[in-house]
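Chain by chain, the residues:
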Amino acid sequence: MRVLVVSPFLAERSALDELLRDEGYEVSSWATREEGLAMVKTNRPDVIIADAQVAGVDGSALLRQLASLGPPPHTILLCPRSNHGLAPPGVVCLTKPIDLAQLFDHLACLTLSRVKVA
Amino acid sequence: MIAIPVVHDVIDGLEVFICGLGDTGEILVFNRPCEQLTGLARDTALGKNWLEVFAIHERHDHVLTLWNEATTGRATKPYEALCRNGRSLRWQFSRWDQAYAPPVKLWAVGIDITEEREAMTRSRELDRMVALGNLVSGLTHELRNPLNGALLQLAVAERHEARSKAASPTAQAIAKATTEIRRISTLLDDFLVFVRPLPIRLERVDVRRIVERSIERGRAKLLAAAVTVVLEPGDDASAEVDASRVETAVYHLLANAIDAASDTPDREVRVRLDVVGNAAVIEVEDHGAGLPAGEVPIFEPFFTTKQGGTGLGLAIVERVTADHDGEISYARRDGATVFRLELPIVGGARN
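As given, the protein sequences belong to chains A and B, one line each in that order. Take the first sequence: its letter number 25 is residue 25 in the numbering used here, and every next letter is one higher. Each number in the numbering used here corresponds to the 1-based position in the second sequence with 1000 added.
This is chain A alone, in the form it adopts within the complex:
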């Protein structure tokens, strides 16, 4: 499964890159939304893990742009504040500092659902 990480925070981005690779995912990671979107066009990732700052407050800005590029990948937002479930449908929000186990669980579920569809 292809995972795209987009975060302006180097420590966050590089660690996620390594941890996800370690879990067996195919990862590419970028600092800005523009780079991330360019990657979506060429590489069609299955999942985007994006910092809320690059995705717009509730991820809606990123979602709009993703929607214009075809069927959007699953989106997981990393939020610096708990948004009490105010995320747009189809978006999972994890409050920072994130629970890694929870993130891996989400990805595992997505992998399973993908297998089922295929």
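Hints are not guaranteed to be accurate.
Okay, the calculated beta carbon distance ranges per label pair [what the hints assert, rightly or not]:
1. A:L112 to B:P1297: 25 to 33 Å
2. B:A1220 to A:L112: 20 to 28 Å
3. B:G1347 to A:A101: 44 to 52 Å
4. B:L1132 to A:A101: 46 to 54 Å
5. A:L10 to B:D1266: 44 to 52 Å
Bear in mind the hints are in silico, worked out from the structure with no lab data behind them. Virtual Cβ for every residue (Gly too), placed ideally from N, Cα, C.
Once you have looked at the hints, place chain B on chain A.
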């Protein structure tokens, strides 16, 4: 010519301070409110200079300038001064050129603005608190980004270590650093609840349900401390409260009780819900060591008796209680520590 006693008859009943002043500022007319304010009898005050009576702590040249302006018939700015008994007064001076006995040249008319000033100070303080709250809230959110980065990097380091060898000192250091960063994160969460300047949102809710949710939230802590919590059967209450805040408050009471109970043989926390008059009463009880004796500021932010406590739990409880116009108290009863949270069922919360 109007005689002074007649003037006094008229002005004594007014709720303003009125002095008639002669050429050099000597007091010629002094109404009853002035007597009450200064504690000086009229006979004592007459003949004294107004400045000595009403402007003892102030610069006199400023008042003299105002008097000169008033004497020329110009409208003068109000003059605000602190009276000797701590009241704040706002005075207005105006010329008087009617024939009088004795010859009054100026009227000094004052009103008490102490409450007005206090209200203004309070409102400024409130504004500052809200601004500070927003600032702190912004800061705590910003801090989550580097915290997340640091924790993820530690997770990477942990994996590297796990691959090389088991139980190395580095692995222990990583585990400790991770715990510390998690603690900062908890502190931020607590602090955010404490400073959050959001208005309170009242809705009619089942208080037992709130208590159950608080217990649910403490589940991980209960398991870790091997403590059980017993929610006693009692009254059901539906009350107009801010459910999420009350849940947080009860959670913090529980968390404290769990910590205390973890050192006891029974390892038990009891929670009761009762209705007393217009109050929903939630009691949280443990058989731990209790609070230190004497006057301890347990509801003050950052006061803690626990190793690793943030000192914000009870401060949050106190804040939530005050926001609901409720009451929080604690007592030792038969070897138990009981925290009692009372929330008005209707008509709570001051906004």
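Verification of the hints:
Look at L112 (chain A) against P1297 (chain B): about 53 Å separates their beta carbons, and that is not inside 25 to 33 Å. Range check, A1220 (chain B) to L112 (chain A): Cβ separation about 26 Å, and the 20 to 28 Å hint holds. Evaluation of the 44 to 52 Å hint for G1347 (chain B) and A101 (chain A) yields a pass: the beta carbon distance comes to about 45 Å. A hinted range of 46 to 54 Å for the beta carbons of L1132 (chain B) and A101 (chain A) is inconsistent with their spacing of about 36 Å.
Between L10 (chain A) and D1266 (chain B) the CB atoms are about 50 Å apart, so this pair conforms to the stated range of 44 to 52 Å.
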